[in-house]
Amino acid sequence: MLTDLNPRVTAHINAHAVLGALPVLVARVPEARAALAGLDRPTTVTLKAPGVADASYTFTTDAVVPGAQDGARRVTLVFTSPKHLNRMVDGEAQPLPVASPAGLKFLTGPFSTLADLLGTYLRPADEALADPEFKTTSTLMTLNVAAAAIAQVANEDRSGRFSASMVPDGQVALEVGDDIDLRLHVEDNVFTFVPGTPTAPARAALRFADLDVAGDVLAGRASALGSICDGTLGMRGYIPMLDNVSRILDRVGHYLGD
Numbered sequence: 001m002l003t004d005l006n007p008r009v010t011a012h013i014n015a016h017a018v019l020g021a022l023p024v025l026v027a028r029v030p031e032a033r034a035a036l037a038g039l040d041r042p043t044t045v046t047l048k049a050p051g052v053a054d055a056s057y058t059f060t061t062d063a064v065v066p067g068a069q070d071g072a073r074r075v076t077l078v079f080t081s082p083k084h085l086n087r088m089v090d091g092e093a094q095p096l097p098v099a100s101p102a103g104l105k106f107l108t109g110p111f112s113t114l115a116d117l118l119g120t121y122l123r124p125a126d127e128a129l130a131d132p133e134f135k136t137t138s139t140l141m142t143l144n145v146a147a148a149a150i151a152q153v154a155n156e157d158r159s160g161r162f163s164a165s166m167v168p169d170g171q172v173a174l175e176v177g178d179d180i181d182l183r184l185h186v187e188d189n190v191f192t193f194v195p196g197t198p199t200a201p202a203r204a205a206l207r208f209a210d211l212d213v214a215g216d217v218l219a220g221r222a223s224a225l226g227s228i229c230d231g232t233l234g235m236r237g238y239i240p241m242l243d244n245v246s247r248i249l250d251r252v253g254h255y256l257g258d
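Each residue of the sequence shown is one higher than the one before, starting from 1 at the first, in this note's numbering.
Between beta-carbon pairs, the in silico distance windows are:
# : residue 1 : residue 2 : range
1 : Gly119    : Leu5      : 15 to 23 Å
2 : Arg41     : Asp169    : 35 to 43 Å
3 : Leu5      : Glu133    : 26 to 34 Å
4 : Thr60     : Leu96     : 24 to 32 Å
5 : His254    : Gly51     : 14 to 22 Å
6 : Asp210    : Asp70     : 35 to 43 Å
In case anyone wonders, no lab produced these hints; they're calculated from the structure.
The C-beta atom is built at its ideal place from N, Cα and C for all residues, glycine as well.
Throw the hints in and build the complete structure from the sequences for me.
Below, the structure is given as structure tokens:
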């Protein structure tokens, strides 16, 4: 059924999209940077689960960067299944770590602190959202998670792949106001999310009225198609491209809202 969720797809989202918000967390939250300040050397953490593409993140004294780094301390988190990885992200299980004593200390110290903070911002309590600065950071992180999740669902989910098969090559922008522009790159029906400053014009764009609308749609609290109908989510450019991306975004809402 359309509403069925695949644990392997959820694991891809958790490994590459949810944990992919760590760079934004560290860039915007002083407590997160403080957790990394005492690192004696860069540390790369790699997640490995059967049937799930490896995800690596490198932690330095003031940033988190996607991917491995030469010369960094290596820590590997091994999972017996996609469900095991998902339960770890939900705080219900522990991975099987492969690391030196210093790597284990990193896992139980800075990494654990960042994981707790990540949950605080991605699953915020209602009272926390009363703080405008917290709410802005939470929504920006959710926007990055959703953009990365669109790529994972488009590439890994059966329904998502069907919609992706009808999307031509080009860039799709997710815009909020004039300051936020996240890009999905599409080539041969394969989606990639690469954070950073756009380098080319978008072929099409989804434009959220404001961060509140973006937060509701991307966290699955509101439908992308419904928001298009009520005018809080606008479209620009090649509309057939956006129609299918919107369908994938709705599918993302099922995964993130589960």
